[in-house]
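Residue numbers (the numbering used here), protein chains in the order written: chain R, 1 to 387; chain G, 388 to 695.
One or more hints might be untrue.
Distance windows between CB atoms, simulated [unchecked claim]:
| # | chain 1 | residue 1 | chain 2 | residue 2 | range |
| --- | --- | --- | --- | --- | --- |
| 1 | R | E220 | G | E666 | 50 to 58 Å |
| 2 | R | R58 | G | T636 | 28 to 36 Å |
| 3 | R | R202 | G | G530 | 31 to 39 Å |
| 4 | G | R585 | R | P200 | 49 to 57 Å |
If we take Cβ atoms under 7 Å as the criterion, some of the chain R residues that face chain G in the derived model are [what the hints assert, rightly or not]:
| # | residue |
| --- | --- |
| 5 | V59 |
| 6 | A92 |
| 7 | N94 |
A few chain R positions that, by computed beta-carbon distances, are all more than 10 Å from chain G [said to hold, decoys possible]:
| # | residue |
| --- | --- |
| 8 | L45 |
| 9 | L114 |
| 10 | E189 |
| 11 | G355 |
If you are wondering where the hints come from, they were derived from the structure by calculation, not from laboratory data.
Just so you know, these numbers come straight off a predicted model, no measurement behind them.
Ideal Cβ placement from N, Cα and C applies to all residues, glycine included.
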Amino acid sequence: MPGVLVSANHAAALAATLAGRANRGARGFCSGVYPITPSTECMELLCNQEIEKGSVVRVESEHSAMAVCIGAAAGGARTFTTSASNGIAYMAENVVAAALLRLPVVMVAANRTLGPPWNVWADHGDTLMLRDSGWIQLYCADNQEVLDSVLCAFRLAEDPRVLLPVMVCQEGFVLSHTMVQTEVPTQDEVDRFLPPLAHPGRMTTTPRALGGIDVPHTTEVHREQHQEAMDRVFDVYREVQDGFQAVFGRRPADPVVAYRTEDAEALVVSMGTIATTVERAVDDARSRGEKLGAIRVRAFRPFPAAALARLFRGVRRIAVLDRDISLGFGGVLWGEARGQAEPGTLVQGYMIGLGGGDVRPEHVLAIAADLERRSAAGSPVLWEAGP
Amino acid sequence: MSESVLASLPAERSSSHAPLLRPGNANCGGCGMSTAFQLFGRAVDGRPVLLVIPASCAAVSIGPFPYTALGAPAVLTTFGAAAAVATGLSRVARLNGEATRVVCWAGDGGTYDIGMASLSAAAERDEDILYVCYDNEIYGNTGGQRSSATPAGAATTNTPLGKVEQKKDILGIVAAHRVPYAASLSLAHPQDAIRKMRRALDTRGFRFLHVLAPCPTGWKSEPALGVELVRLAVRSGLFPVLEVIEGRTLVVNVEPELSQEALERYLSLQRRFLKSGVEARALRVSIERRWQELRSRSGPPAPARGEG
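Just need the whole structure built from these sequences, with the hints factored in.
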């Protein structure tokens, strides 16, 4: 099937449209949207689609965009929104609410640096700020993965064993505005992949309060149930991968993607598009006989701790690359990944590509060389990437 | 609020229905919002309603999970998001051909202040929502801080000497969006209140109802005197009871006496006005100015029959 030349923003909007239409036999589709660079083109395209039994609400803020999704999901509809950076920060209160109410909202985040000072370029800090919000978070490496992940996200979010919102993260401009040949499925295929949404907790005419008052004991129970749902995500995701492959003929990536790690003595761990740059650098290093491997963390929530621990076994040196900085700490991915390494492993954190800095294979090779020279891990390093 | 508002109403078949706000709720004795709920339950009279309640006394009053003191389904939202959450629920209800009335039930903080943006946007989009603001002129749920609905001269926990600024004209603000229907209700005029609640329930598009809801805890008033306080607020002209149709036609439903005696009694029955020393004479000026404005916009008076 020949691909269509689309940006990741448009790929996401097409996926949301197809998913929206696929719920026409159930409660329909309703989305609240608000523009912010670099996610705007996604909502623009969505607003230009005809969606049978669908409604896209052009609201006055990101806070309300997520609120419309909350209302729509509580009413049993399929829901979608998109945002970035300060929009996500402004939305944050309702982002948390959507998760705690166990509503299967899907959001595409075009990762962008938080401001002011204003910077529209890529940085994972906006969505990582919400890592504790109770959402599933997937980080994508290319446009096809964005489209596929949005479709998978609906099926994962709406699975009765999960019922959690999913954030599909794609780096601003690097993916959001870069047009690539992308396979866009037909409505018939999406209809076969996405079953009609039947949220068991949707509002009906029965008197009942959704989101009422919790006391400590009921909060404990609710958090425990939420965590148990998170614990089921990877098992359900495997079924989603199988179902996707059966319909579309290609398999969505695993929660953790290993590249040439079999005999690796050193590993470079990263997320998003930087991981594809790392793979090129690994090829380069391998051609010189260096036993370097790459690991891409695609699912950040739930955190794939077991998969990472398995891949880290026997490796003596690990570099973790973060396109973010938790100020006063270091890279967020580094903070979580290093706990999965065996005792005695040298795990060094590097923060690179902040504010959209262009990360190239030579940066990765320089980091690999820096890792090789170290006798012990030090404080996280803020590595300057290109302009 | 011991004066029986409901007893003054003619018996009708809804009296056999379960109330909208059920026994066991956590509201204070004399809560004006409770009375508003009882009237609203009468008005609803079997119509399918779905309540959307932002953080507020109303949210707390329904009691802890998994219980609810409400006789209708309710979605509880973040503080500023009621109108936007209601938008999603209403759109989905319409997509599915359901007649469900999606009703926001919000306090003055969630309406005048933190909810203003989402309220204004939903009104501008003419969403099919009924938005009810029960206005107790205070952040009651957090213990009584000033809101932009608090009248000048009223002491609150963060304006201990009395608020300086005037109360916002919320009905004027919402009506300026040219919404199909916006009205203020008096708990002391239950027939007029229920008539307008029903009109609002059965109108399509964005509808807004403003209810002055005495809060004995915040107003430092006798719980039994709530309805009397509302009556005094209406008689004195302090709380105009009116409706605005399509943002253009303004109808005064209860003619005020503009009574000085009523205004003095209204102030003296609440201890919140003590410290500021605000006097009826000083308020007279702004009340008369307000009524001049209303008269210039209203048609011939259409007073509620036999009430007040």
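Evaluation of the provided hints:
1. Separation of R/E220 from G/E666 is about 54 Å and conforms to the stated range, judged on CB atoms against 50 to 58 Å.
2. Distance hint for R/R58 and G/T636: a CB-CB separation of about 29 Å, consistent with the stated range 28 to 36 Å.
3. Checked against the hint of 31 to 39 Å, the pair R/R202 and G/G530 passes, with Cβ atoms roughly 35 Å apart.
4. Between G/R585 and R/P200 the C-beta distance comes to about 34 Å, which lies outside the given range of 49 to 57 Å.
5. Hint status for R/V59 relative to chain G: holds, with the closest Cβ pair at about 6 Å, below 7 Å.
6. Because the smallest distance between the Cβ of R/A92 and any Cβ of chain G comes to about 10 Å, over 7 Å, the interface hint for this residue is violated.
7. This hint holds: R/N94 has a C-beta 6 Å from the nearest C-beta of chain G, less than the 7 Å allowed.
8. Against the 10 Å criterion, R/L45 stays outside the reach of chain G, whose nearest CB is about 20 Å from its own CB.
9. Distance check for R/L114 against chain G: the nearest CB is about 21 Å away, which clears 10 Å, and the non-interface claim stands.
10. At roughly 24 Å from the closest C-beta of chain G, the C-beta of R/E189 stays outside 10 Å, upholding its exclusion from the interface.
11. The non-interface label for R/G355 is consistent with chain G: the shortest C-beta to C-beta separation is roughly 30 Å, beyond 10 Å.
This entry does not satisfy hints 4, 6, going by the numbered hints stated previously.
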